[in-house]
Amino acid sequence: DVKVTQSSRYLVKRTGEKVFLECVQDMDHENMFWYRQDPGLGLRLIYFSYDVKMKEKGDIPEGYSVSREKKERFSLILESASTNQTSMYLCASSLSFLAGAVKETQYFGPGTRLLVL
Amino acid sequence: DAKTTQPPSMDCAEGRAANLPCNHSTISGNEYVYWYRQIHSQGPQYIIHGLKNNETNEMASLIITEDRKSSTLILPHATLRDTAVYYCIVRGRNFNKFYFGSGTKLNVKP
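Just so you know, the protein sequences line up as chains A and B, in that order.
Residue numbers for the first sequence follow the working numbering, beginning at 2 and rising by one.
Residue numbers for the second sequence follow the working numbering, beginning at 4 and rising by one.
Hint data in this document are derived by calculation from the structure and do not stem from the laboratory.
Ideal Cβ positions, reconstructed from N, Cα and C, are used throughout, including at glycine.
Some hints here could point you the wrong way.
[What the hints assert, rightly or not] Below, simulated SDA-like cross-link-like pairs (lysine to any residue); rule was C-alpha separation at most 20 Å, straight line:
1) A:LYS54 to A:TYR65
2) B:LYS108 to A:LYS54
3) B:LYS108 to A:GLY41
4) B:LYS72 to B:GLU58
5) B:LYS6 to A:LYS54
6) B:LYS108 to A:GLY59
7) A:LYS4 to B:ASP70
8) B:LYS55 to B:ASP70
[Unchecked claim] To give an idea of the interface, some chain A residues facing chain B are shown, with a C-beta separation under 7 Å as derived from the structure:
9) GLY43
10) TYR65
11) LEU91
12) THR106
13) GLY112
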């Protein structure tokens, strides 16, 4: 089974702090994604990566950056946390964009609920 | 990606089949229908997907109408642990984004 893990289930940070959210997948997937989920807004894509050191902006990249130095690890960075970044953050991975619907299926981690005070 | 329409909530008795509908009238020929579910405070869980034909796996069945404008997810024997929000997603191949929308909150009752 695909396993996507996230470093923390719950996190409390103060405004202005630099925050790192870590995601690791163990299935050698090329693609990794960061979403945030807010009530009434569904899941919104922040960034994704289709290869090591590659990244693409999603729908709401402002205030975030990402890092992918190794294939299995994708980090989301909040350079200076703000209260409007309080949210549930979800990481996902998929095998490939090019190989068909089965391999493009995204598998999600358990989520990190971040509270910025 | 085509938009989807789902009822906001449904109830189902434990042990009975749960049939969750989804309308995707603007779906195009190369777009797949995916179903995920999200149990409270967890990440979304993949259930099943299909293109034209009906599909079945150990979790559920997916029935897609012949014109592909709607589909139904069937949980054959719902249990209390199936209580979750179920998302129907339609996506193509040009960009790997999943638009989850609001989903259907399925309440399985004893």
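Violations among the numbered hints, reported as their numbers in ascending order: 2, 5, 6, 7 and 10
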